[in-house]
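Novice: In the order they appear, the protein sequences are chains R and W.
The numbering of the first sequence is the numbering used here, which starts it at 1 and goes up by one.
The numbering of the second sequence is the numbering used here, which starts it at 1 and goes up by one.
No lab work stands behind these hints, which were simulated from the structure alone.
A couple of the hints might just be wrong.
Here are the computed lysine-lysine pairs in the DSS-like style, where the Cα-Cα straight-line distance is at most 25 Å [stated by the list, open to error]: (1) Lys-159(R) - Lys-10(W); (2) Lys-192(W) - Lys-721(W); (3) Lys-29(W) - Lys-18(R); (4) Lys-393(W) - Lys-647(W); (5) Lys-647(W) - Lys-4(R); (6) Lys-29(W) - Lys-14(R); (7) Lys-29(W) - Lys-4(R); (8) Lys-784(W) - Lys-4(R); (9) Lys-15(R) - Lys-393(W); (10) Lys-647(W) - Lys-148(R); (11) Lys-148(R) - Lys-192(W); (12) Lys-148(R) - Lys-29(W); (13) Lys-393(W) - Lys-148(R).
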Amino acid sequence: MSNKVQVGISINGKKVQKQVESRLLLTDFIRDECNLTGTHLGCEHGVCGACTILLDNEPVRGCLMFAVQADGCEIQTVESLNHVDGTLNVLQQSFSDNHALQCGFCTPGFLMTLTHFLKDNQNPTENEIREAISGNLCRCTGYANIIKAVQQASQILQKENSNCSVVSAQ
Amino acid sequence: MKKYVGQSIKRKEDYRLVTGTGQFVADIKLDGMLEAVFVRSPQAHAIIRYIDTLKAKELPGVHAILIGDDIKEKINPITQFESHSAVPPNVAKEINPKIQFNAESVLAVDKVMYVGQPVAVVVAENRYIAEDAADLIKVEYEQLKPIVDPYEAMKEDSPLVQEQVERNIQMEFHLSIGDAKQAEQQADRILKTRVQTPRLSSNPIETRGVIADYDNRTDQMHVWSATQLPFEVRATIAHCLGWTEQNIRVTAPDVGGGFGPKGGVHPEEILIPYISNQLNRPVKWVEDRLEHLTSARQSRDQVHDVIVAYNSDGTIHSLRDEFVVDSGAVNFFGFTCAYNTAYHLRGAYKIPNYDIKSRIVLTNKTPNVPFRGAGRPEAVFTMDRVIDMIARKLKLDPVEVMKKNMIQAHEMPYDQGILVKDGAKLIYDSGDYPAALNQALEMVDYEGFRDRQKELKKAGKNIGIGISTYVEGTGAGPFEGALLSVDSSGKVIAHLGASPQGQGHETVFAQVGADALGLTPDDIVIKVGDTAVLPFGAGTYASRSAVNAGSAMHEASLKLRKKVLAIAGIMLGTTPDEIEIEEGKIFSKDDPAHFLTLKDIFKRVRPAARPPLPPEIEPGLQVTHYFVPPTVTFASSVHVAEVEVDKETGFVELQNYSVVHDCGTVINPMIVDGQIQGGIAQGIGSALYEEVVYNENGQLLTGTYMDYLLPTSMEIPTVKKGHQLHLSTRNPLGVKGVGEGGAISPPAAIANAIVDALSDLEIVINQLPVSPSRLRGLIKEAEKKQSTILSK
Ligand code: FES
Ligand code: FES
């Protein structure tokens, strides 16, 4: 099995060029070839959502793709979320503030799903949040605090955005 | 002084976990590391005729392949865990247990006993090559008759899962007080019923994983495992491989959920170190989900046949129960789950005549171990269904029957007249069950619900309310320790034996230590999950860490404080009782402005300090304390479920879920509430969705998340929580365990609610999960019965 293929993928803003086997899973590429182990594998059959990443800004399950399919794409993983100085972004901070994680294994997948969701929906209802995360399994928290965290994050983001629009209007 | 205990301090462990920089087993990479893949049995019960590994061995990149024959004389089988299986002599006297030896070879030798049992292991450059090679291994099986039904298994001529275990009954016992048979003769009424709880899979989102790295220069084996019990893993490796225990270091790094089964030491945890030692290279194995669902230890799976004698006013006089635990192919935990069930069954109720016979039976299924609640969800489902059935037979509200039989607050501490698993008398230490019930009824506006129910009924809607209570022995011993030291930076480093899988140990034990020492939680660094940090440890299971490790932390902190005060007294020229410590400042009461810090104390207490300390003060700032609890402490809870049932589809909508619980002192309310909500989510899963299904050949039918259903955010409501604070009298913190409680009552509460919603149909639910198809079947049957009665 050594017919290797060249892939070029931009991960968290960094371009990575590698020769990989065509059967290499995208998640294994991210975790093993790029050493970004924040993307987790919980089921490897597309149900648990732990492996969720953003591929060209859309949430996808890394475990259902081969690395070669992501050739030429841009990927964001959980490692891209915090600010360069190491401080947490609004969503990450809200997760911590609301105890929205216990073992934390599912957390990166939730964060990536929600990063996308909050871009599209600034002011979600509880039901919309529940639906948004219904493709991510968490075995520890029972979801309630995750929902609270999203509510907090969306409120902060709304405020920030309205401040921004005030600034830009001036 | 309680300053930090009781506060919702944010977790120290969160930063790494939300930035993707935590370290789980799968994240660990070592130089020269190989990867292992297991070939597992597709047969439930079969003789291994022949294994052909030739082709696989030839595949480039393959380093080793082992089968049962290769390890036969070299690796001892895994046997019952001493630490969990020992029966104290007085308990043995009381219940007269019969125990037959059973074991599992880490690779099947001669025959396989369950689908998913490891038959061969392949080690290669990477997992892809290892899987290719595993595909090339051919195993020839000769099928034996699989035993999937425990009642079949016990029949005289049934085939044996393990040759030496007669009639497949691995263990049995009989617990009895009073005279149940006599009570049955005297009572107004008798209820006979069969209640069963299905087999479950715990399904942490992180599967299992093991890495072993052998260093031949020092003869040290370092094993990383996604385990709840690093010390038990170490002991089992030593037992199976005959190695010196102190040469084995087991680390549990960040562990992605456990819930019990990650505490059952698995064959892979023995084999991977063995191979690393053989090859002198690091070896890694990470389980995939199919492996988890087939091979990771499963749980629950009990059938109860109960006979209850009661009077027309609802008073219960006796309960007889013969129950069977389907343990799968092996039982490693002795009577843990079975006895838990036996001693918890009466819960908050007084039932003077009590007779329990239990049999643990081997079948051709994956071995069974404790899982969140460990025998208690089964007990509570049985008991609370019984209460509900009695109420319906007597046309009383279930609450009335509950109240009639409940232990009253003034009767505390209450002696149930039998023994706990650890040999102590079963005496509830504190609690007020009727008050908790009343609080719960108020919280859900029980009366209001009944009115609403009647109204909606007219509109053809079926809503129902169901209640369940439990009393849970938490904080099981035998012990837990804390080793505290102060380092040159003035930080307190606390080494604990109980490692977490998401319970927030790094935060809560820092809170406990901070209060005892007069520091802030940030001054305390908690180190857990490593057998190198402390000589002895047990682990995180049985709702025991806050109780045992928490108390050890508290006591060790007080010891350290004493030493700090003694030295500060010398430095400040005063007596220790004149000294205070606040937020890390150590000062004499009459001169708070002039203070020392732990850094100063550390310098003064080094072995080389000048002038030297008085000889009675040992150099260094280090103390150890092992907390040995007298026995378990009893947490309790009332759960209320509100449902709406669609008669046409059998679909149950869980509308509200409420709980009032008592876990004594709450160290961190945010974390306690999180444990409850998470536990209830698992309980809801087992009430409505989850079930491991084997067909009659012992083939697993629930091998993916398409078949084994875990609840999502759409199914789990935000639980309403109420608290009671009856402190435990059995530890210095007054805490009771809380980790498992949430999972115990939901099946009973939800089943009772469903029965209530359909009260006019008089259906009986005695099996879980209450899936739409199962419920639809019951509804159809009941409707048929009703229509025949009507037409008569
Ligand atoms: S690992 Fe990809 S969805 Fe579960
Ligand atoms: S926090 Fe453990 S799986 Fe979600």
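Novice: Any hints this thing doesn't respect? Which numbers, in order?
Specialist: 2, 5, 8, 9, 10, 11, 12, 13
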